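Chemist: The whole structure should be built from the sequences, with the hints applied where relevant.
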Amino acid sequence: MNLDFLNESQRQAVLMTDGPVMILAGAGSGKTRTLVARIQYLLEEKRVSPYQILAVTFSNKAAREMRERLAVNTSVNVGTLQVTTFHAFCAKVLRMEATYLGLSKNFTIYDDGESQSIIKAILTKRGINQKELSPYTVAAFIDGLKNLGYYMGLARNADVEKYAEDKRLFDIFMEYEAELHRSNAVDFGGLITGVLNLFRSYPEVLQKYQQKFKYVLVDEYQDTNRAQFDLILQLSQTHRNLCVVGDEDQSIYSWRGADIRNILDYESVFPEAKLIKLEQNYRSSKKIIEAASEVISRNLARKGKQMWTDNDEGEEIRIVECRDDKAEADFVGQQIRHLVQEGVSLKDIAVFYRNNAHSRTIEDALRKEKFPYRVVAGIKFYDRKEIKDMISYMRVVVNKKDSLALTRIINTPARGVGATSLRKLEDEAVRLQLSLFELLEKIVESPAEFKHLSLSGKVQSAVYQLVHLIQEVQVLETQNHSPSFSYEKLLNESGYYEVLRADKSYEGAARLENLEELMSAIKQFEDSENEPNMVKFLETITLDTTVSEDGSTDQVSLMTVHGSKGLEYPYVFLIGIEENIFPSYKSLEVGPVALEEERRLFYVAMTRAMKQLTITFAQSRLLWGSIKFNGPSQFLHEIPAQYYRWDFFQTGSKKAQFDNYSQSYDDWDQSNHSSDDQVFYKEKVYQTKKAVANLSNYPSGSKIVHALYGEGTVLDTEGLGQDEKVTILFRDGVRKKFMVKFAPLQKA
DNA sequence: GTTGCGCAGATTTTT
DNA sequence: TCTGCGCAAC
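First residue of the first sequence: 1, per UniProt numbering; consecutive thereafter.
Hint data in this document are derived by calculation from the structure and do not stem from the laboratory.
All clues given are correct.
Here are the simulated DMTMM-like pairs of lysine to aspartate or glutamate, each with C-alpha atoms no more than 25 Å apart in a straight line:
1. K536 - E68
2. K105 - E175
3. K523 - E68
4. K286 - E8
5. K611 - D348
6. K92 - E531
7. K611 - E279
8. K212 - E97
Derived Cβ-Cβ restraints for the label pairs, each shown as a range:
9. D312 - R374: 26 to 34 Å
10. E294 - K370: 37 to 45 Å
11. V593 - S117: 28 to 36 Å
12. Q207 - V593: 33 to 41 Å
13. E44 - R501: 55 to 63 Å
14. M1 - R337: 45 to 53 Å
15. G153 - E204: 15 to 23 Å
16. L512 - E294: 49 to 57 Å
17. G416 - A377: 34 to 42 Å
18. T99 - R374: 38 to 46 Å
19. G416 - A357: 35 to 43 Å
20. P592 - K368: 40 to 48 Å
The model shown is predicted, which means the values in this text are computed figures rather than measured ones.
From the three backbone atoms N, C-alpha and C, an ideal C-beta is built for every residue, glycine too.
Modeler: Written out as C-alpha cells, the structure is:
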C-alpha cells in the first residue's frame with residue numbers, strides 16, 4: 001500500500017498499529033484521511049479481518065464520513081467492519097445480550113425529551129413542585145451520573161460519591177431507573193452504562209468482545225465521557241491495540257459530559273503509549289492558522305500542539321465593528337453579494353453564531369438579498385408533534401411495555417379516553433403490575449373482570465379498537481412486512497390521517513406534509529437496510545437525527561459554532577462576537593475553566609475558515625427586549641494585531657451614525673436609573689467613545705506611516721479634532737501614543 | 001379538550 | 001421582547 005500521500009506524522013500514525021497510541025490531530029490536519037489509511041493498512045497489509053476492527057466515533061456525521069471513505073478506498077470487503085457511534089455500538093451489544101440484563105431485545109431508546117417526561121411524572125407523583133426542582137435539573141443530575149459510568153449496583157467511586165450526597169436526587173434517579181426498566185426502555189446514557197453493567201456482571205460476555213476486537217479506534221476522543229473511556233479500556237484490554245484520535249483544543253462539549261481528563265490522563269493509564277501529533281494544517285491560510293494558534297495558546301488545559309501550514313499567507317482577518325445587529329446583518333448580506341459577484345458560490349460561504357437566536361437577523365438579510373440559505377439544526381424534524389405521535393404508535397407495536405408512548409397516543413386523535421379514564425387505567429395497571437398496554441389487552445380479553453373500573457361504553461370501544469389495531473400491526477411485524485406498510489396502516493386506521501385531513505388550516509396541511517416526509521424517511525431506511533424492521537427504524541431515528549438533505553443545492557450555510565465542528569468553508573463569517581455573547585455570560589459567571597471552553601469554541605470557529613475569515617460585532621444589540629452594549633469580545637484582543645484589519649461598518653453617513661448614537665444616549669439619560677444601570681452606563685460611555693473614535697481620521701485598525709518610526713497600525717483612538725490622540729503599534733512591536741496634530745503621520 | 005392569561009426565563013445540544 | 005409553560009376557565 002502506497003503511503004506517499006501522507007506526511008511523516010500521518011504515516012507514523014498509520015504504521016504504529018500495535019499497542020496504545022494517542023494521536024493529537026489539530027484542526028484541518030487530515031485526521032480522517034489518516035484514520036481511513038490506518039484502517040486500510042490494517043486490512044490490506046496486516047491482513048486483519050474486518051470483523052476484528054472496531055472504530056467508534058461520537059457523531060453519526062463522523063462515522064458516516066469514515067465509512068464512505070473506506071468504501072471508496074478499500075478493496076477488502078468492508079461489510080463486517082464496525083464503524084459506528086458509541087451509542088449505536090452499545091445498542092447493538094445490548095440487543096444481542098439483552099436477556100442478561102432483564103431487557104428484551106426490542107427495547108425502546110428514550111431521547112432526552114422522553115426521559116424528562118418520565119422525570120416529570122415522578123416529580124408529580126412525589127408532590128414535588130417543578131419550580132422547586134425542575135425536571136431539567138434532575139435530568140442533568142441523572143445524565144451526569146451516567147456520564148461517569150455509574151449504574152445501579154456499582155460500587156461508588158469518589159466522583160459518584162459527590163452525587164450520592166444529594167439523597168433526594170439520588171432517590172429520584174433510582175425510581176427513574178426502575179421506571180425505565182419496567183418500560184423495557186433505555187436512555188442515551190443507559191446505552192453506555194448498560195454495556196458497562198453487562199461487562200462487569202458477566203465477565204464471559206466481556207471476554208467474548210475483548211477477544212473479538214483486535215484493533216480498537218476511537219475518533220473524536222476529546223468528546224468522550226468517563227463511561228465511554230471505561231468502555232473502550234475494557235474492550236481493548238486483551239490486545240491493547242487502542243488508538244485514540246482527538247484534539248484537546250476542540251473539546252467543546254464538556255457540558256455534555258466530555259471529560260478532558262480522558263486526553264490529559266491517557267499516558268498515565270497507558271505508560272507505554274505512543275503520542276503522535278498531527279500539526280500540519282492543510283485547510284487554512286497562514287494568517288488564519290497563526291492567529292488561531294495565538295488565541296488558543298492562552299489556554300492552560302492542553303497538551304500543547306504547534307499548528308503550522310504550508311499554505312499561502314492569505315488575507316488578513318477582517319474584524320468589522322457594526323453599529324448594531326441590524327447593520328451587522330446588512331453587512332454580511334452585502335459582503336455575500338460581493339462574493340457572489342466575484343464568482344464565489346454560495347455553498348462555499350458559511351455564517352456562524354454563538355447561539356441559535358442570532359440566526360434570525362442574518363436570515364432576514366439573506367432573504368432581502370434573495371440568497372438561498374440553509375439553517376443547520378433548526379427545529380428537529382423528529383421533535384414535531386405529529387411525528388412523535390406516529391412514532392409512539394410504532395413504539396407501542398414494537399414494545400408493549402412502553403407506557404409512555406401509549407399514554408401519548410391513547411387519546412390521539414381524540415377518542416374519548418380523557419384524563420380521568422386514563423388515570424383509572426394507570427392505577428389499575430400499577431395494581432396488577434402490568435404495563436398499560438398489557439392491561440388494555442386484558443380488558444379486551446375479559447371485560448367482565450374489569451367491571452369495577454366502570455369504564456364508559458365509549459372508552460371501552462375505543463380501547464377495543466386501539467388494541468386490535470396495535471395487535472394487527474404486531475402480527476404484520478412478525479410476518480416481516482415492511483415498516484412502511486405498517487406505518488400506513490397505523491396512520492389510516494388510527495384515524496390520525498382523517499383528522500388531519502379534515503383540518504383545513506395551514507398548520508394541518510404542514511403536518512400532513514411532515515407525515516409524508518416520515519413516510520419517505522421510512523422508505524429510504526428500507527432501501528438502505530438488508531433486513532429492515534421497525535425496531536431498527538426506531539433506533540435509527542432516535543440515535544441519528546440527521547435529516548437527509550437536498551444535496552448539492554447551492555446555498556449559504558447558517559449554523560451555531562458548535563454545529564460547525566468538523567466542517568470547513570472557504571469564506572466564513574463569525575457574527576455577534578461580543579463580550580457576554582461569545583464568551584457567553586454564563587461562562588463568564590462560571591469562571592476560568594468555562595472560559596477556556598469558550599476559547600476552544602472560538603478556536604474551532606476560526607479554524608473552519610479556509611481563505612477568508614470575517615468577524616463581526618455590533619456596538620449595540622437588541623437582546624431580551626432592551627438594547628445591550630456588550631463591547632467587542634475579549635477574544636478579539638487575543639488576536640495579535642498583525643493578523644487582522646479592523647473596519648467599521650455603518651449604514652448611512654458617519655454623521656448620521658453619530659447623531660443616532662447621541663440620541664440613544666439621551667434616551668437612556670431620561671430613563672429610570674435602576675441598579676443595573678450602573679453597568680449600563682459605563683458601557684455606554686465606552687461605546688460613545690468608540691463611536692467618536694470612528695469619526696477620527698485614524699480609526700482603530702487603520703494603517704499609517706510615521707516619518708520616524710515607519711509603518712504601523714492604530715490600536716486605539718481617543719479625543720476628537722484638535723485633541724485626537726492615537727496609540728500605534730509599529731511593525732517592530734513598539735507601541736507609541738501621539739497627539740495627531742503634532743505627529744508626522746500619514747495614512748498608509 | 002381547548003383557549004387564554006400570567007409569569008419566568010432566555011448557551012451550546014454530536015447521542 | 002419573545003417564548004414556553006402551567007393552570008384556570010369555557
